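Visitor: These protein sequence lines are chains A and B, in that order.
Here the first sequence is numbered in the working numbering, starting from 1 and rising by one per residue.
Here the second sequence is numbered in the working numbering, starting from 1 and rising by one per residue.
In case anyone wonders, no lab produced these hints; they're calculated from the structure.
Keep in mind it's a predicted model, so treat the numbers as computed, not measured.
Glycine residues also receive a C-beta, built at the ideal position from the N, C-alpha and C atoms.
Worth double-checking, as some hints may not be accurate.
[Unchecked claim] Some but not every residue of chain B turned toward chain A, in silico, with C-beta under 10 Å:
#	residue
1	S93
2	P121
3	I125
4	E129
5	V133
6	L135
7	R165
8	D170
9	V172
10	D186
11	D188
[Stated by the list, open to error] From chain B, some residues computed to sit far from chain A (all C-beta separations above 12 Å):
#	residue
12	D32
13	E37
14	L52
15	G56
16	L59
17	R83
18	I104
19	S157
20	A160
21	E189
Chain by chain, the residues:
2 protein chains.
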Amino acid sequence: MAVEKVVAAVVDEIRSAGLVQLEVSARHVHLDKECVEVLFGKGYQLTHVRELSQPGQYLEQERVDVVGPKGTFKNVAVLGPERKHVQVEVSFSDAFALGINPPIRQSGDTKGSASVKLVGPKGEITIDEGAIVALRHVHMTPEDAERLGLVDNQVVSVEALTDRRTIFPDTVIRVSPNFRTRMHVDVDEAGAAHIAGFALGRIIK
Amino acid sequence: MAVEKVVAAVVDEIRSAGLVQLEVSARHVHLDKECVEVLFGKGYQLTHVRELSQPGQYLEQERVDVVGPKGTFKNVAVLGPERKHVQVEVSFSDAFALGINPPIRQSGDTKGSASVKLVGPKGEITIDEGAIVALRHVHMTPEDAERLGLVDNQVVSVEALTDRRTIFPDTVIRVSPNFRTRMHVDVDEAGAAHIAGFALGRIIK
């Protein structure tokens, strides 16, 4: 119990200092019902492997190939549950390798974004839109937001406190009781800042 | 002549405002004489394809494979002329794919850095050290340094003025009459900041 209290105190200290854990988000896809059925078969249900840091979000057992005009990534992770619209999140390095030109967007905002082909074991589908590079964002609980004096959609900078310090301006704070407080960066950002394993960022208002 | 004067005035304006052109430096190797002879044959001379932005530095026609414990990059660019010590410059994403753990170093400072195997058409060699991730740096002429009030080895931050603004702290100004004024970033940094084609950075003292 003493240890738990110490840990809780340290975590509180970290949070009140405006520090946030940085997590690397590699390329992945969120599928809608149509895509699941085309790629995996009529009536198919995705199979959870494990819950992600964001509650209710899962790494699924299924994998898909993402195909662009210039290149293919095989066995790309599928994150569940199913969404209303298909979304393919890549880094700019991925986009270059695929030969696509995705816009920088918040998750869910895929209108007019880039086209790619998805290939599964039972079929393939070219999505007219859905491929994006994630707009920088911090998932945050209402409690953490209040503690830090931040509100939903507020734009901050976040400095990665690593051995290759990098400051990420134009980072959106997204507040929801369904979130765990984490900043997600893509693999390019992770490489730029040498984020590997546990890493913290400092929120700069 | 009028156009040249306008261009010169614009370039001067850019420089005096503390702006610097950003260039992406993809993975590459600098070979020493021993490596050239092992990889390409006794007495072999590298063949220049074109001069790089830094005067006297060349992209060579020859290519080598860079092999790590977990992965290989085939046909990696060789930059010339030959150096006293072999040096392999990779991004952290490259390092992850190769399965190596290179330190962040200035060019030329390879003592105790990471080991990789190099493979050429005539042979292969495992270098005990030489693989690094480049310490962020700006090549600068003495004239530009004086204009901007900067000195050799001064550490600054540089903000990439792109549609994905990113600030790179801990960037070393390197001054030499042999340089052209440019900041080099690796492919991870380029992806993080969406540096593609012509891009400028702002030097923050």
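Visitor: Look at each hint and say if it fits the structure.
Guide: A quick look at each hint next to the structure:
{"no.": "1", "hint": "S93", "in the structure": "holds, 4 Å"}
{"no.": "2", "hint": "P121", "in the structure": "violated, 26 Å"}
{"no.": "3", "hint": "I125", "in the structure": "violated, 27 Å"}
{"no.": "4", "hint": "E129", "in the structure": "violated, 19 Å"}
{"no.": "5", "hint": "V133", "in the structure": "holds, 8 Å"}
{"no.": "6", "hint": "L135", "in the structure": "holds, 9 Å"}
{"no.": "7", "hint": "R165", "in the structure": "holds, 5 Å"}
{"no.": "8", "hint": "D170", "in the structure": "holds, 6 Å"}
{"no.": "9", "hint": "V172", "in the structure": "violated, 13 Å"}
{"no.": "10", "hint": "D186", "in the structure": "holds, 8 Å"}
{"no.": "11", "hint": "D188", "in the structure": "holds, 3 Å"}
{"no.": "12", "hint": "D32", "in the structure": "holds, 27 Å"}
{"no.": "13", "hint": "E37", "in the structure": "holds, 33 Å"}
{"no.": "14", "hint": "L52", "in the structure": "holds, 20 Å"}
{"no.": "15", "hint": "G56", "in the structure": "holds, 29 Å"}
{"no.": "16", "hint": "L59", "in the structure": "holds, 19 Å"}
{"no.": "17", "hint": "R83", "in the structure": "holds, 24 Å"}
{"no.": "18", "hint": "I104", "in the structure": "violated, 6 Å"}
{"no.": "19", "hint": "S157", "in the structure": "violated, 8 Å"}
{"no.": "20", "hint": "A160", "in the structure": "violated, 10 Å"}
{"no.": "21", "hint": "E189", "in the structure": "violated, 4 Å"}
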